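*Asks:* Numbering of the sequence shown is given in this note's numbering, commencing with residue 864 and proceeding in unit increments.
Any given hint could turn out to be false.
[Claimed, not checked] Dumping the calculated DSS-like pairs for lysine-lysine here, alpha-carbon to alpha-carbon at most 25 Å:
1. K911 x K941
2. K898 x K1097
3. K1119 x K911
4. K911 x K898
5. K1119 x K1098
6. K1119 x K898
7. K1097 x K1119
8. K898 x K1098
[Said to hold, decoys possible] Derived Cβ-Cβ restraints for the label pairs, each shown as a range:
9. N1027 x R980: 32 to 40 Å
10. G981 x T1003: 35 to 43 Å
11. R1069 x N932: 25 to 33 Å
12. D1079 x D1044: 44 to 52 Å
13. T967 x T1071: 37 to 45 Å
14. G981 x E1101: 18 to 26 Å
15. G981 x D1044: 37 to 45 Å
16. E1128 x K1098: 14 to 22 Å
17. E1128 x V1099: 16 to 24 Å
18. D1079 x P1046: 47 to 55 Å
19. F1028 x V1099: 36 to 44 Å
20. A1005 x K1098: 24 to 32 Å
21. P1047 x S1102: 18 to 26 Å
Derived from the structure by calculation, the hints contain no laboratory data.
Remember, predicted model here, so these are calculated numbers, not experimental data.
Backbone N, C-alpha and C define an ideal beta-carbon position, used for all residues, glycine too.
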Amino acid sequence: MRNKTNSFRLVFMFVLIFALAAFPGSASANHSWGKYHWARTSNPFTLKVGDNVNSAWDSYLNEAISGWNPSTVLDLTKVSGSTSGSTCAPTSGRIEVCNAAYGTTGWLGIAQIWTVRGSHIAQATTKVNDTYFNQAQYNTPAWRRLVMCQEIAHDFGLDHQDENFNNPNLGSCMDYTSDPDGPPSNEHPNAHDFAQLVSIYSHTDRVTTVGTAAADAPPGFANADMHAQENWGKKVRESADGHSTLFERDFGNGYKVFTFVFWAE
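When you get a sec, could you build the whole thing from the sequences and use the hints?
*Replies:* Structure representation (structure tokens):
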């Protein structure tokens, strides 16, 4: 992935400021989740995204990465995957993205995030379920873009802007919808998503979890089997219509695994 120049970032910030000024209502919500973020000592930081998807998903993974890369605090760069779609095991210090026919699990996509020392993300995975994406209802570019864009964003700290499937689209992949291509389209990030990333990563840390292994992790934490729903832990949040659920598995001493679930309609 190419490096962005300082001039590009400056231009993007002017565009972002203009957009937020023009549409102040769109920036009224806070959609970080629990202040979770990747620890790093400077901005922008580069986060590797492991490519474990097949040719049916390659273009959508590429679009999600390029879609988030105008951020002034975060660079995503695609690298060869370290796992396979069927297992989608995490890799310390980065994101792994996978697809497979995971079965009639009920979910289109899930994001799983390992956190350490209270609020720092140490590793993460995104899975998209071909059992549903091979069905006519979801086998569309719009649905694939929405789910891939949203699940990757959970992996670096963003939550949903809205969880109502039936109200007008906000023009963000962090907005749930029954009509992802709109108008407006919910297939890509919007200005408020980028503003929220700036808010999440406005500080720096004394340590880094990017590209490193979690220190002093309890046994079974880093390589925990999180595939089956019975391993996700307790339900800590659910949207009013039940389409979105957040689970938490607590390993103690600030070490947790969170699972964001995007359920099929």
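*Asks:* Please go over all the hints and tell whether each is borne out by the structure.
*Replies:* Status of each hint after checking the structure:
1. K911 x K941: The hint holds at about 6 Å.
2. K898 x K1097: Answer holds: K898 to K1097 is near 20 Å, not above 25 Å.
3. K1119 x K911: Given that 25 Å is the threshold and the Cα spacing comes to 21 Å, the pair holds.
4. K911 x K898: holds, 21 Å
5. K1119 x K1098: Since the Cα atoms of K1119 and K1098 sit roughly 13 Å apart, the hinted pair holds (cutoff 25 Å).
6. K1119 x K898: holds, 14 Å
7. K1097 x K1119: Roughly 11 Å separates the two Cα atoms, so the pair holds.
8. K898 x K1098: holds, 19 Å
9. N1027 x R980: 32 to 40 Å: Between N1027 and R980, where Cβ atoms are some 34 Å apart, the hint holds.
10. G981 x T1003: 35 to 43 Å: For T1003 against G981, whose Cβ atoms are near 40 Å apart, the range 35 to 43 Å holds.
11. R1069 x N932: 25 to 33 Å: Once the Cβ atoms are compared, 26 Å apart, the range 25 to 33 Å for N932 and R1069 holds.
12. D1079 x D1044: 44 to 52 Å: Since D1079 and D1044 have Cβ atoms about 46 Å apart, the given range 44 to 52 Å holds.
13. T967 x T1071: 37 to 45 Å: Holds, since T967 and T1071 (Cβ atoms, about 40 Å apart) stay within the stated range.
14. G981 x E1101: 18 to 26 Å: With Cβ atoms ~24 Å apart, the hint holds.
15. G981 x D1044: 37 to 45 Å: About 39 Å separates the Cβ atoms of G981 and D1044, which means 37 to 45 Å holds.
16. E1128 x K1098: 14 to 22 Å: holds, 19 Å
17. E1128 x V1099: 16 to 24 Å: Check passed, 23 Å falls within 16 to 24 Å.
18. D1079 x P1046: 47 to 55 Å: Once the Cβ atoms are compared, 50 Å apart, the range 47 to 55 Å for P1046 and D1079 holds.
19. F1028 x V1099: 36 to 44 Å: Between F1028 and V1099, where Cβ atoms are some 21 Å apart, the hint is violated.
20. A1005 x K1098: 24 to 32 Å: Because 29 Å falls inside the window, the suggested range holds.
21. P1047 x S1102: 18 to 26 Å: Once the Cβ atoms are compared, 21 Å apart, the range 18 to 26 Å for S1102 and P1047 holds.
Checked against the numbered hints given earlier, this structure breaks only hint 19.
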